[in-house]
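**Student:** Those protein sequence lines, which keep their order, are chains A and B.
Going by our numbering, the first sequence opens with residue -10, and the numbers climb by one from there.
Going by our numbering, the second sequence opens with residue -10, and the numbers climb by one from there.
Please keep in mind that the hints were generated in silico from the structure rather than gathered at the bench.
Watch out, some of these pointers could steer you wrong.
Chain copies aren't distinguished; within one or between two, either way the pair holds.
As the list claims (entries may be wrong) - Computed cross-link-like contacts, DSS-like style, restricted to lysine-lysine with a CA-CA straight-line distance of at most 27 Å:
| id | residue 1 | residue 2 |
| --- | --- | --- |
| 1 | 54 | 277 |
| 2 | 414 | 71 |
| 3 | 285 | 268 |
| 4 | 408 | 71 |
| 5 | 414 | 97 |
| 6 | 71 | 220 |
| 7 | 97 | 337 |
| 8 | 54 | 268 |
| 9 | 337 | 285 |
| 10 | 62 | 220 |
| 11 | 285 | 267 |
| 12 | 414 | 336 |
| 13 | 97 | 220 |
There are 2 protein chains.
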Amino acid sequence: MDIRQTAQLARAASIRLAPETADRKNRAISDIAAALKRHADEIAAANQTDLIRAEEERLSAPLLKRLKFDTGKITEACAGLKSLVSLADPVGVTLQATELDRGLELYKVSCPIGVVGVVFESRPDALVQISSLCLKSGNAVLLKGGSEAAETNRILARIISEATRQAGMPENWLALLESRSEVAAMLDLDDAIDLIIPRGSNEFVRHIMENTHIAVLGHADGICHVYVDSKADLDMALRICVDSKCQYVAVCNAAETLLVHRLVAEEFLPRIQTALEKKGVELRGCEKTRQIIGIKPASDEDWQTEYLDLIMAVKVVESLEEGIDHINRYGSGHTDVIVTADHARGKKFMDCVDSAGVFSNCSSRFSDGYRYGLGAEVGISTNKIHARGPVGLEGLVIYKWRLFGNGHIVADYAGAGAKAFSHRKIPPLQG
Amino acid sequence: MDIRQTAQLARAASIRLAPETADRKNRAISDIAAALKRHADEIAAANQTDLIRAEEERLSAPLLKRLKFDTGKITEACAGLKSLVSLADPVGVTLQATELDRGLELYKVSCPIGVVGVVFESRPDALVQISSLCLKSGNAVLLKGGSEAAETNRILARIISEATRQAGMPENWLALLESRSEVAAMLDLDDAIDLIIPRGSNEFVRHIMENTHIAVLGHADGICHVYVDSKADLDMALRICVDSKCQYVAVCNAAETLLVHRLVAEEFLPRIQTALEKKGVELRGCEKTRQIIGIKPASDEDWQTEYLDLIMAVKVVESLEEGIDHINRYGSGHTDVIVTADHARGKKFMDCVDSAGVFSNCSSRFSDGYRYGLGAEVGISTNKIHARGPVGLEGLVIYKWRLFGNGHIVADYAGAGAKAFSHRKIPPLQG
Chain A
-10 MDIRQTAQLA RAASIRLAPE TADRKNRAIS DIAAALKRHA DEIAAANQTD
40 LIRAEEERLS APLLKRLKFD TGKITEACAG LKSLVSLADP VGVTLQATEL
90 DRGLELYKVS CPIGVVGVVF ESRPDALVQI SSLCLKSGNA VLLKGGSEAA
140 ETNRILARII SEATRQAGMP ENWLALLESR SEVAAMLDLD DAIDLIIPRG
190 SNEFVRHIME NTHIAVLGHA DGICHVYVDS KADLDMALRI CVDSKCQYVA
240 VCNAAETLLV HRLVAEEFLP RIQTALEKKG VELRGCEKTR QIIGIKPASD
290 EDWQTEYLDL IMAVKVVESL EEGIDHINRY GSGHTDVIVT ADHARGKKFM
340 DCVDSAGVFS NCSSRFSDGY RYGLGAEVGI STNKIHARGP VGLEGLVIYK
390 WRLFGNGHIV ADYAGAGAKA FSHRKIPPLQ G
Chain B
-10 MDIRQTAQLA RAASIRLAPE TADRKNRAIS DIAAALKRHA DEIAAANQTD
40 LIRAEEERLS APLLKRLKFD TGKITEACAG LKSLVSLADP VGVTLQATEL
90 DRGLELYKVS CPIGVVGVVF ESRPDALVQI SSLCLKSGNA VLLKGGSEAA
140 ETNRILARII SEATRQAGMP ENWLALLESR SEVAAMLDLD DAIDLIIPRG
190 SNEFVRHIME NTHIAVLGHA DGICHVYVDS KADLDMALRI CVDSKCQYVA
240 VCNAAETLLV HRLVAEEFLP RIQTALEKKG VELRGCEKTR QIIGIKPASD
290 EDWQTEYLDL IMAVKVVESL EEGIDHINRY GSGHTDVIVT ADHARGKKFM
340 DCVDSAGVFS NCSSRFSDGY RYGLGAEVGI STNKIHARGP VGLEGLVIYK
390 WRLFGNGHIV ADYAGAGAKA FSHRKIPPLQ G
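Extracted from the complex, chain A is given alone in its bound form:
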């Protein structure tokens, strides 16, 4: 079966999934958890096959670790499914309700998007998480995981499909793609796929974004900044810089560039140098920085690099405005932090920095669906439309306009003697 047919079956399934009730979807998600536990041995065996091949192919230790899907991971995945069941149904929420005239009532009601394509790298837990998020939000999903995890992904997809089929969900709501050529073909299916979510490296996400006209939800770079203002509490700034840079360097919400207002640079830079170098961080600075502390020079390239490593670029800025301009020019619109004790300056930064997350006096590392309390994260978006920042279930729904009349026609509201619209707020739609 080619990918177009697969996508068409998924679209047909998405139509049947749309009216499913929260109870039935939740029961199906619970059944996935039960099935994963029941088939734990088979999953472990399939994962073992992947691990052996990966070792033969000399995958790096961190990648091997991500690939591993053992009993502990199954237990974690099941806990995730349980917490997903406890979240409110994102579908069927009345967002707006207006009486247009007597007996003519308009409801803007949330509904699934339709068919979502998700491409993710090695971690097999992502397959369980993403497919269950799609099911909860009533979407069909085409999934492509890393080829290293082929056996694990195959058995997980089979178990999930089978468990949900037995729970009465439509067949074909979940399809696993197995080759890169299928991903390439998927990117062309504007008419069958409504949203693509790529999860992986910068290059990978950028490649997807540049090769499809389908809407893409995600982020390529995470070039996050910490700006230490002239009015900053420097002890606080120190803690926040160290945490933003070092608490976990290999992730998109780690800080890459430190901006320091010139009025506090002489005092702050030697202190942050000591603190960061103690953590093994290499600093690269602008000219003004290097007049104060002895570090390597930063090039223009540094301002636009996501190191994902123990390296930080440092720049002295003349003003809050220069800091904002630098971030809007070189940043990636992910998450940026100001440290300041001055409320008005903090507000200006948060108003004018054009990023998904604008933080005052706290670490960039808080930019995360779990920490935000979203319950489950589809991904982090640096898009400017639909959904921005950490995206939970609400990023997988859109709305439709439901209009109920009783024979109402527009001719009665036009021309001489036209009836008037009432446009009166009414209570949400029930049932």
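Guided by the hints, dock chain B onto chain A, whose structure is given.
**Tutor:** Same frame as chain A, but now just chain B:
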């Protein structure tokens, strides 16, 4: 100045526009209205130049009518601006507020999208309407109007820029593009433009959608259906069909295809034939239809054609499900209507038809921002993400996550002795 520079200036202006207050933006919009009235003679003269050239170039009468921008049109435009001032500010609305921990507060707050590119055909009133919608929502805008209206658009853009500059709005928030090559160049500026809104013919919108990686808000086709169910009140169905087809044929929310359940086909088809033919509508039918009424045959092409004319395709379906399938296959996701007295069948149609507007027992012609009470319409979207159906000001905003801490770092919430998140709902952000 090339288009990239223009877009960069617009982006810089959008950053300065983002923190503007509702009062100041509203005052600027009122000042636009005053300036249009003050410069009415100049506008009329410029429009006269366009009209004379258009007549020489033998533009059709409807196009000439759309091009005309006289005192009456200025008065209308000013009334539109006045009503825009009265709408609530879409920027700065707290959509969600959560305490993550004591003193660590997260707010999801609406904000402008940034830079919007709008390409519209001849009507100069669209320039006033779109630019003021962008200003109200805090967005910078690059505008390209029809070349027939070049002189009118130029003077309108100059008056609006000048009036808003005097009202203290940032310069360069509005730029007028003058050539097709500038539009082509704009479509490549993924990094400088956040959203494209094309308003015009199918071919035109489709061309834009296929030639940019920037998000596009709009609709190409409007292939709307009326489905007359087995449980329909046939008198009501008759009224709704005639209104949906004939009340104004040349618009996207007019119906193009009539679907009739076989159980009512014998009774309904002769009646609707009489009614529609009296209005001058040509009917084209499927085989089953033609066994009941003598009309031309419909081809597969007819099911996917937006006539925008006095033509309607007619098909007899065996079931509600066949009707839904037909709409999801051939429709454009714009607006589709069921006529039925059976609530459960109506609900199934509205759940399963994957369109922006799903209507029960009323005309497709209600699908419109003004009738919905949105106040002002940016356009109608058949997208599946961001905004769907008639889109008002809320389609021109997104949100950012504002997180306020007091030195909070993630290290305190990780590992042994980790602090817990409270994730408690709190009141919206003030000021």
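**Student:** It remains to establish, for every hint, whether it holds in the given structure.
**Tutor:** Consistency of the hints with the structure:
1. 54 x 277: neither (42 Å within a copy, 63 Å between copies)
2. 414 x 71: between (37 Å within a copy, 22 Å between copies)
3. 285 x 268: This pair counts as within: shortest intra-copy Cα distance 17 Å, inter-copy 80 Å.
4. 408 x 71: between (52 Å within a copy, 23 Å between copies)
5. 414 x 97: This pair counts as both: shortest intra-copy Cα distance 12 Å, inter-copy 24 Å.
6. 71 x 220: So residue 71 and residue 220 fail the 27 Å test inside a copy (46 Å) and across (42 Å) alike.
7. 97 x 337: The answer is between: 17 Å across copies meets 27 Å, while 34 Å in one copy does not.
8. 54 x 268: within (24 Å within a copy, 71 Å between copies)
9. 337 x 285: neither (32 Å within a copy, 66 Å between copies)
10. 62 x 220: Intra 46 Å, inter 53 Å, cutoff 27 Å: neither.
11. 285 x 267: Answer is within; shortest intra-copy Cα gap is 16 Å, inter-copy 84 Å.
12. 414 x 336: Classified as between; 22 Å across copies, 34 Å inside a copy.
13. 97 x 220: This pair counts as between: shortest inter-copy Cα distance 26 Å, intra-copy 46 Å.
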